[in-house]
Amino acid sequence: MNGGDGRIARRFAALAREGRGGLVTFITAGDPDAKTSAKILCGLSGAGADLIELGMPFSDPMADGPAIQAASLRALRSGMTLKKTLAMVKDFRKRDADTPIVLMGYYNPIYIYGAPKFLADARAAGVDGLIVVDLPPEHDDELCLPAMQAGVNFIRLATPTTDDKRLPAVLNNTNGFVYYVSIMGITGTRAVSTDHVRQAVTRLKRHTKLPIAVGFGIRTPQQAAEVARVADAAVVGSALVQTLAGNLDKKGKAKPGLALAVLKQVAALAKGVRGARGKPVKAA
Amino acid sequence: MTLNTFRAGPDERGQFGIHGGRYVAETLMPLILAVERAYNEAKNDPAFHAEIKYHHKHYIGRPSPLYLAQRMTEHLGGAKIYFKREELNHTGAHKINNTIGQILLARRMGKTRIIAETGAGQHGVATATVCALFDLPCVVYMGETDIARQQPNVFRMKLLGAEVRPVASGSGTLKDAMNEALRDWVANVENTYYLIGTAAGPHPYPTMVRDFQSIIGEEVRAQIMAAEGRLPDTLVACIGGGSNAIGLFHPFLDDRNVTLVGVEAAGHGLKTKKHAASIEGGRPGVLHGNRTYLLQDEDGQIQEAHSISAGLDYPGVGPEHSWLHDVGRVEYVAATDKESLQAFQLCSKLEGIIPALEPAHALVEVIRRAPRLKKDHLLVVNLCGRGDKDIFTVADALGVKL
Chain A
1 MNGGDGRIAR RFAALAREGR GGLVTFITAG DPDAKTSAKI LCGLSGAGAD LIELGMPFSD
61 PMADGPAIQA ASLRALRSGM TLKKTLAMVK DFRKRDADTP IVLMGYYNPI YIYGAPKFLA
121 DARAAGVDGL IVVDLPPEHD DELCLPAMQA GVNFIRLATP TTDDKRLPAV LNNTNGFVYY
181 VSIMGITGTR AVSTDHVRQA VTRLKRHTKL PIAVGFGIRT PQQAAEVARV ADAAVVGSAL
241 VQTLAGNLDK KGKAKPGLAL AVLKQVAALA KGVRGARGKP VKAA
Chain B
285 MTLNTFRAGP DERGQFGIHG GRYVAETLMP LILAVERAYN EAKNDPAFHA EIKYHHKHYI
345 GRPSPLYLAQ RMTEHLGGAK IYFKREELNH TGAHKINNTI GQILLARRMG KTRIIAETGA
405 GQHGVATATV CALFDLPCVV YMGETDIARQ QPNVFRMKLL GAEVRPVASG SGTLKDAMNE
465 ALRDWVANVE NTYYLIGTAA GPHPYPTMVR DFQSIIGEEV RAQIMAAEGR LPDTLVACIG
525 GGSNAIGLFH PFLDDRNVTL VGVEAAGHGL KTKKHAASIE GGRPGVLHGN RTYLLQDEDG
585 QIQEAHSISA GLDYPGVGPE HSWLHDVGRV EYVAATDKES LQAFQLCSKL EGIIPALEPA
645 HALVEVIRRA PRLKKDHLLV VNLCGRGDKD IFTVADALGV KL
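Just so you know, the sequences run in chain order A and B.
Going by the working numbering, 76 is the number at position 76 of the first sequence; the sequence numbering is gapless.
Going by the working numbering, 494 is the number at position 210 of the second sequence; the sequence numbering is gapless.
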């Protein structure tokens, strides 16, 4: 199973036909609470997200910056679990049969859930892909290979430190798309340079036919547009999570306009991405 | 168990049985592999060993004595008790054995900036010390809770020229400091070396730290042969991440007649949620680059550990210990805060040695075990740190105002 017939492949094929890059949005499941989070999730596609990354909250998100760390802790405090995250995807799938959902997180909750059971439940819920930050190719037998066999795409992170020698190992067992981490660092902390992204995407394309999504450090519609011009998709996470955090009351509860504020931002990002390849976007 | 040897691990994937491994973000993988290559080269280079040996003798003050604790032996009325005096090392704990080894490796690798995590501050001090010695900038991540209870060590690190960065996330203890150090490393991979303080983390760290700490057990072996003409019967050491214990145990793993006992921190008790006994109170999971026994809930979320000893306050344990538990070569027990406070005071009064709260946990097991053993039973306990850093914590626990 190479994932070529899944929702992710179909979506990237459609984007290619439209001649534009896609917008991938990240939110954490259960942030700030299950109900609000589900409301945002169900509005993302309508606001213009082409693919959805849904964070599986973890107590110790080592590769994340302060914004997504806080999101993870809010979600856990509100009672989110991996089981509830899968249930959330299942509900979403009843309304939306087409938008790909990728679960993103750390290995331990999956390991404790039990990898085979998790894959079966994820597939049944309508999950299309997985990004597991702390599972390098050295441990492919644990989740990557079983996932690909179960028909769930296993998406790999490539980084500026993944040199040409290591790239084949990283791209060996993977499908869906390649997630290029555009900065050295944790999520949401450094700005991305378009020149670097262009070079990196060109380098990756020499090694793989899979679509390349670029993330970490993309905040504005302008930046998203610039990235979407040279890559197959731009990923925005921390910026959305920060908007969400800005719409909490003093007790950390969602204010009434929270979901709308996040979705409005998604719409603005989508507009930037959609205009990117049509006419040149003025440099910032 | 039909293993020929317990000392062959880890395998080529860095695993001890199911434990260990390299569960890190891709950004770090090339670097972890580079550390492994550099360490393998160094290991085979006599010049590297000569450098370590020189610093052992002239800087740390090794060998540390193996001391017959006569009054404690008489008081308990059973086994003959020896203290391995790691608290007499420069900086007052075993931690410097590892930091000397790793800083020499970092220099070989051409790294120009050192980062570390610390719990009690002992590893932070040991790292700041060697960074001063070799003139390298040093950033130490330390949880806010730990900073509050280990002020003397925070000040020491600053005197040594290190920058101590407080970590507010999570419970503000060792695990959070480790998360933050990993985040720093991901952002500064090119020039930075992460000097991990315990025998945990991604491969090759657990092995490397074990090798650097094995000087403890190697010395004990020679010293007890000189003193008694035979190997010891029982070795006891406390376990947080487990670096002092693995350093003591590893040279004896294949001496089947030597009983090995690791003592975890039971905090308020194993039946409460406030303890740090990952082996007895946890189950295997993946955190900080390795699979090992972890304190966690049914959803795989890591739980906060608790121990009066900041150095044991960690929800995981080194992967080799997890494996030694699985195969039954080492016995793992636990000691509570309260028991450790009693042992702390007993040792101070009987031997004129104020132990750190960490080895006070090991002493609890000595106090339990020694009276039941014969007088010719040789029991060695690793006194892995001195207690000066803990006097405020102990005073507070005993209701004394300083």
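Each hint should be verified, as a subset may be incorrect.
Straight-line alpha carbon distances no greater than 35 angstroms define the calculated DSBU-like cross-link-like pairs of lysine-lysine that follow [stated by the list, open to error]: (1) A:K271 - A:K90; (2) A:K250 - B:K633; (3) A:K165 - A:K94; (4) A:K253 - B:K327; (5) B:K557 - A:K83; (6) B:K622 - B:K685; (7) A:K35 - A:K209; (8) A:K84 - B:K327; (9) B:K622 - A:K253; (10) A:K117 - B:K633; (11) A:K251 - B:K327; (12) A:K251 - A:K264; (13) A:K251 - B:K558; (14) A:K35 - B:K558; (15) B:K555 - A:K251; (16) A:K84 - A:K264; (17) A:K117 - B:K327; (18) A:K83 - B:K558; (19) B:K555 - A:K84; (20) B:K442 - B:K555; (21) A:K165 - B:K327; (22) B:K622 - A:K83; (23) B:K558 - A:K250; (24) A:K253 - B:K685; (25) A:K35 - A:K205; (26) B:K557 - A:K90; (27) A:K117 - B:K557; (28) A:K165 - A:K35; (29) B:K557 - A:K84; (30) B:K685 - A:K35.
Hint data in this document are derived by calculation from the structure and do not stem from the laboratory.
The structure presented is a predicted model; accordingly, all values stated were derived computationally and were not measured.
Here's how the hints hold up against the structure:
1. A:K271 - A:K90: Status holds; Cα separation ~28 angstroms.
2. A:K250 - B:K633: violated, 52 angstroms
3. A:K165 - A:K94: violated, 43 angstroms
4. A:K253 - B:K327: violated, 55 angstroms
5. B:K557 - A:K83: Cα-Cα ~23 angstroms, so holds.
6. B:K622 - B:K685: Within the cut-off at roughly 19 angstroms; holds.
7. A:K35 - A:K209: violated, 38 angstroms
8. A:K84 - B:K327: violated, 48 angstroms
9. B:K622 - A:K253: violated, 40 angstroms
10. A:K117 - B:K633: violated, 57 angstroms
11. A:K251 - B:K327: violated, 55 angstroms
12. A:K251 - A:K264: It holds: about 24 angstroms lies between the C-alpha atoms, which stays within 35 angstroms.
13. A:K251 - B:K558: holds, 27 angstroms
14. A:K35 - B:K558: holds, 32 angstroms
15. B:K555 - A:K251: holds, 33 angstroms
16. A:K84 - A:K264: holds, 26 angstroms
17. A:K117 - B:K327: Violated, at about 43 angstroms.
18. A:K83 - B:K558: holds, 26 angstroms
19. B:K555 - A:K84: holds, 28 angstroms
20. B:K442 - B:K555: violated, 39 angstroms
21. A:K165 - B:K327: Measuring from Cα to Cα gives roughly 25 angstroms; hence the hint holds.
22. B:K622 - A:K83: The given pair, whose Cα atoms are some 39 angstroms apart, is violated under the 35 angstroms limit.
23. B:K558 - A:K250: Roughly 30 angstroms separates the two Cα atoms, so the pair holds.
24. A:K253 - B:K685: It is violated: about 41 angstroms lies between the C-alpha atoms, which goes past 35 angstroms.
25. A:K35 - A:K205: violated, 40 angstroms
26. B:K557 - A:K90: Judged against 35 angstroms, a Cα distance of about 34 angstroms means the pair holds.
27. A:K117 - B:K557: holds, 28 angstroms
28. A:K165 - A:K35: violated, 45 angstroms
29. B:K557 - A:K84: holds, 24 angstroms
30. B:K685 - A:K35: violated, 50 angstroms
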